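Hey, can you work out the whole structure from these sequences and the hints?
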Amino acid sequence: MFTGLESASASFAEVAAGPARYLFVQLMPYNGLSRFECMAYEQINPDFWHLRATFWFHACRSSTLDFRMQGSSVDVQNAGETLFSIHTAAEKERRESESPFKKSE
Numbered sequence: 005m006f007t008g009l010e011s012a013s014a015s016f017a018e019v020a021a022g023p024a025r026y027l028f029v030q031l032m033p034y035n036g037l038s039r040f041e042c043m044a045y046e047q048i049n050p051d052f053w054h055l056r057a058t059f060w061f062h063a064c065r066s067s068t069l070d071f072r073m074q075g076s077s078v079d080v081q082n083a084g085e086t087l088f089s090i091h092t093a094a095e096k097e098r099r100e101s102e103s104p105f106k107k108s109e
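For the record, in the sequence shown the residue sitting at position 40 is 44 according to the working numbering, with numbers rising by one throughout.
Hints were generated in silico from the structure; no laboratory data involved.
None of the values given here were measured: they were computed from a predicted structure.
Among the hints, erroneous ones may be present.
As the list claims (entries may be wrong) - Now the in silico label distances, taken between C-beta atoms and shown as ranges:
1. SER13 to LEU87: 17 to 23 Å
2. ASN49 to PHE16: 16 to 22 Å
3. GLY84 to ILE48: 27 to 33 Å
4. PHE59 to PHE105: 21 to 27 Å
5. LEU31 to SER103: 29 to 35 Å
C-beta: ideal position from N, C-alpha, C; glycine also.
See the structure below:
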């Protein structure tokens, strides 16, 4: 869907993890490659992508992101280190409902 949208200031990676589909948009600033922003979207239905998270990274060793799938979740890595993990909306709700720290109602 997003093939061919690469540019000098942004890169796009569409990742399938089990039944979940994610789109990662990495914005490259003009002040150096050690600082960049990454936005993670989850496809909710064929016509709708939900913004799940936005991250700003400073002093990274590389501007290259790697993606490691685990079931329907994705670990986003840089230089071999996991920066963050994204879980499907359904998985996130399940984890929160099972958490011993869940909010009181």
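The hints, checked one at a time:
1. In this structure the hint that SER13 and LEU87 lie 17 to 23 Å apart at CB holds, the actual value being about 20 Å.
2. At roughly 20 Å, the beta-carbon separation of ASN49 and PHE16 lies within the given 16 to 22 Å, and the hint holds.
3. The beta-carbon spacing between GLY84 and ILE48, approximately 31 Å, falls within the hinted interval of 27 to 33 Å.
4. For PHE59 and PHE105, the hinted distance range of 21 to 27 Å is satisfied, since their beta carbons lie about 22 Å from each other.
5. Here the CB-CB span from LEU31 to SER103 is close to 32 Å, well matched to the stated 29 to 35 Å.
Going through the hint list in order, the structure satisfies each hint without exception.
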